[in-house]
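Engineer: As given, the protein sequences belong to chains S and X, one line each in that order.
Those letters in the first sequence? Residues 0 to 221, per numbering that gives the first Met the number 0, in order.
Those letters in the second sequence? Residues 0 to 222, per numbering that gives the first Met the number 0, in order.
There may be inaccurate statements among the hints.
Pair by pair, the computed Cβ-Cβ distance ranges are [what the hints assert, rightly or not]:
no., chain 1, residue 1, chain 2, residue 2, range
1, X, Arg-133, S, Arg-215, 40 to 46 Å
2, X, Gly-9, S, Pro-76, 20 to 26 Å
3, S, Pro-47, X, Gln-17, 36 to 42 Å
4, S, Pro-11, X, Ile-149, 44 to 50 Å
5, S, Ala-110, X, Ala-124, 31 to 37 Å
6, X, Ile-149, S, Gly-106, 17 to 23 Å
Far from chain X, some chain S residues (derived; all Cβ distances over 12 Å) [unchecked claim]:
no., residue
7, Gln-21
8, Thr-31
9, His-45
10, Trp-50
11, Lys-113
12, Trp-131
13, Arg-132
14, Ala-209
15, Arg-213
Examples of chain S residues lying across from chain X (beta carbon under 10 Å, computed) [to be verified]:
no., residue
16, Glu-57
17, Arg-60
18, Leu-65
19, Leu-154
20, Lys-155
21, Ser-161
22, Ala-172
23, Ser-187
Since the hints were derived computationally from the structure, they do not count as laboratory data.
Every residue, glycine too, gets a C-beta built ideally from N, C-alpha and C.
One-letter residues, chain by chain:
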Amino acid sequence: MALSPPFDLVPPLYQGLLITLQLTAGGIVLATALAFLAGLGKLSHHRPVRWLSATYVEIFRGTSALVQLFWFYFVLPHFGVHVEAMPVGILVLGLNAGAYGAEVVRGSVNAVAKGQREAAVSLGFSPRQTLWRILVPQAVVSMLPPMSNIYIELLKNSALVSLVTLSELTFTAMTLRADTLRTGAIFSIVLLMYFGCSQVISLGMRGLEARLSRGRDLGGIR
Amino acid sequence: MDGETLWDWGYALEVLPQLLQAMRITLMATVCGMGLALVGGLFLAILRRSRIPALSRAGFWIIEFIRGTPLLIQLYFYFYVLPDFGIRFSPFATGLFGLGLHYSAYMAEVYRAGIDSVPKGQWEAAVALNFSRRRTFFTLILPQAVPPVIPAAGNYLVAMFKDTPLLSAITVAELLYTAKDDIGSQTFRYIEPMTLVGVLFLAVSLISARGIRGLERKMELKT
Numbered sequence: 000m001a002l003s004p005p006f007d008l009v010p011p012l013y014q015g016l017l018i019t020l021q022l023t024a025g026g027i028v029l030a031t032a033l034a035f036l037a038g039l040g041k042l043s044h045h046r047p048v049r050w051l052s053a054t055y056v057e058i059f060r061g062t063s064a065l066v067q068l069f070w071f072y073f074v075l076p077h078f079g080v081h082v083e084a085m086p087v088g089i090l091v092l093g094l095n096a097g098a099y100g101a102e103v104v105r106g107s108v109n110a111v112a113k114g115q116r117e118a119a120v121s122l123g124f125s126p127r128q129t130l131w132r133i134l135v136p137q138a139v140v141s142m143l144p145p146m147s148n149i150y151i152e153l154l155k156n157s158a159l160v161s162l163v164t165l166s167e168l169t170f171t172a173m174t175l176r177a178d179t180l181r182t183g184a185i186f187s188i189v190l191l192m193y194f195g196c197s198q199v200i201s202l203g204m205r206g207l208e209a210r211l212s213r214g215r216d217l218g219g220i221r
Numbered sequence: 000m001d002g003e004t005l006w007d008w009g010y011a012l013e014v015l016p017q018l019l020q021a022m023r024i025t026l027m028a029t030v031c032g033m034g035l036a037l038v039g040g041l042f043l044a045i046l047r048r049s050r051i052p053a054l055s056r057a058g059f060w061i062i063e064f065i066r067g068t069p070l071l072i073q074l075y076f077y078f079y080v081l082p083d084f085g086i087r088f089s090p091f092a093t094g095l096f097g098l099g100l101h102y103s104a105y106m107a108e109v110y111r112a113g114i115d116s117v118p119k120g121q122w123e124a125a126v127a128l129n130f131s132r133r134r135t136f137f138t139l140i141l142p143q144a145v146p147p148v149i150p151a152a153g154n155y156l157v158a159m160f161k162d163t164p165l166l167s168a169i170t171v172a173e174l175l176y177t178a179k180d181d182i183g184s185q186t187f188r189y190i191e192p193m194t195l196v197g198v199l200f201l202a203v204s205l206i207s208a209r210g211i212r213g214l215e216r217k218m219e220l221k222t
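All chains, please: the whole structure from these sequences, using the hints.
Structural biologist: What follows is the structure, encoded as structure tokens:
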């Protein structure tokens, strides 16, 4: 089956796209977990937990994602840890986006109306119950729009992993470019592929937001 | 080279001057890139507000597309594709253009937030005073729209600073390139230069974040 140009470039690029999607999906799962861990950690009553969460957030928001990637890729082997590009990519993308997400989680939980917390206390809810049954379910709705942006940033940052030689979409494009020299067509397709993915994330998150905010009149929905 | 010592202070101090030198390129790229983004962002914001539907829709999609695709690919695109059309820039100029255009899309949204926050009465007053639309926008609305969004713009300045290492991919000898390709690949010691680069980024980001928070507080006092 011979596809006419420029569509003949799509199948090889599609292989790279699949890796990019794996990378992004893994990163999103890790980032979400870390965002909750560190975001709620910053609200903890225990000083060391607060301090640890804040340090994590400051370090990963304060340095460049690419520098983080290279640091893990070049420095971890010195500790005897053998690293593959894929897990390192997921780790760094997750750590980076998780730090931004932590601020979103913290802000959203804090923004839940104060009366809700007071009502929970007066009904004899334990702090843990208050958090997971009252505060988080309400906060999640207002987390979604900023989280959507963070996930899109993560998708875009996944292109950086090509620089540590993981054959995801960007890397595939670069090798294909070296083979065929059809630079313009390749990069145009790649740009469209990334754009399509970010639109899917954006629409998906908006759909989720609409679903979760059904029947509510609170939570920052417009 | 001994494999035992994990961190060699002597070596770290030896490479530090070279890194600080490269920091100048990084800072220059940040400042020039932001200059471009301030102008480009305003242009896109105006395009987005155009009364001609085709133009405003074009503005929307340009912003959406730039924000929805990786900066790295955009840089590659300008670096490898533009020369095919006979447009040739130095890597540094290409990098500035790429950074500037990417952040123009973000700045356009910042401007938009500022413009939307100006009370409608200001527009109406300008109409009553028989100001032209252009004059209203540039002498009345914009001066009120910009100050409240300066902190948001500051956040993007820091974000852009943290994106400058991407220029290393198109061979601009900024901080990361110097650490990895100039120093690391010659000595095969990456721990010190890489860590120093991280620390330098962290220091500048933390200091500027504090500055922005101060600025924000000042803005709140004024309003």
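Engineer: Hints first: check each against the structure and report whether it holds.
Structural biologist: Hints versus structure:
Under the hint 40 to 46 Å, the C-beta atoms of Arg-133 (chain X) and Arg-215 (chain S), about 44 Å apart, fit the expected range. Hint check: Gly-9 (chain X) to Pro-76 (chain S), Cβ distance near 22 Å, so the stated range 20 to 26 Å holds. A hinted range of 36 to 42 Å for the beta carbons of Pro-47 (chain S) and Gln-17 (chain X) is consistent with their spacing of about 38 Å. Here the CB-CB span from Pro-11 (chain S) to Ile-149 (chain X) is close to 46 Å, well matched to the stated 44 to 50 Å.
Our hint of 31 to 37 Å for Ala-110 (chain S) and Ala-124 (chain X) holds, since their Cβ atoms are close to 35 Å apart. A hinted range of 17 to 23 Å for the beta carbons of Ile-149 (chain X) and Gly-106 (chain S) is consistent with their spacing of about 21 Å. With a least beta-carbon separation of about 16 Å from chain X, Gln-21 (chain S) lies farther than 12 Å from that chain, consistent with its non-interface assignment. Every Cβ of chain X is farther than 12 Å from the Cβ of Thr-31 (chain S); the closest lies at roughly 20 Å, confirming the non-interface assignment.
No Cβ of chain X approaches the Cβ of His-45 (chain S) within 12 Å, the least distance being about 24 Å, so the stated non-interface status holds. The non-interface label for Trp-50 (chain S) is consistent with chain X: the shortest C-beta to C-beta separation is roughly 16 Å, beyond 12 Å. Here Lys-113 (chain S) stays apart from chain X, with its beta-carbon at least about 21 Å from theirs, past the 12 Å limit. Taking the minimum C-beta to C-beta distance to chain X, about 31 Å, the non-interface status of Trp-131 (chain S) holds against the 12 Å cut.
Here Arg-132 (chain S) stays apart from chain X, with its beta-carbon at least about 34 Å from theirs, past the 12 Å limit. Every Cβ of chain X is farther than 12 Å from the Cβ of Ala-209 (chain S); the closest lies at roughly 20 Å, confirming the non-interface assignment. No beta-carbon of chain X is positioned within 12 Å of the beta-carbon of Arg-213 (chain S); the least distance is around 27 Å. With its C-beta approaching chain X no nearer than about 7 Å, Glu-57 (chain S) sits inside the 10 Å limit, and its interface hint holds.
For Arg-60 (chain S), the interface hint holds, since its Cβ comes within 10 Å of a Cβ in chain X; the closest pair sits about 7 Å apart. With 10 Å as the threshold, the beta carbon of Leu-65 (chain S) comes within range of chain X, its nearest partner Cβ sitting at about 4 Å, so the hint holds. Hint on Leu-154 (chain S) holds. Least Cβ distance to chain X is approximately 8 Å, under the 10 Å limit. A distance limit of 10 Å between C-beta atoms decides the matter here; for Lys-155 (chain S) the minimum to chain X is near 4 Å, and the interface restraint holds.
Checking Ser-161 (chain S) against chain X: minimum C-beta separation of about 7 Å stays under 10 Å; hint holds. Of the supplied interface hints, the one on Ala-172 (chain S) holds, with its beta-carbon coming within about 8 Å of a beta-carbon of chain X, less than 10 Å. Against a cut-off of 10 Å between C-beta atoms, the interface hint on Ser-187 (chain S) holds, since the closest Cβ of chain X lies about 8 Å away.
Hint violations for this structure: none, all hints satisfied.
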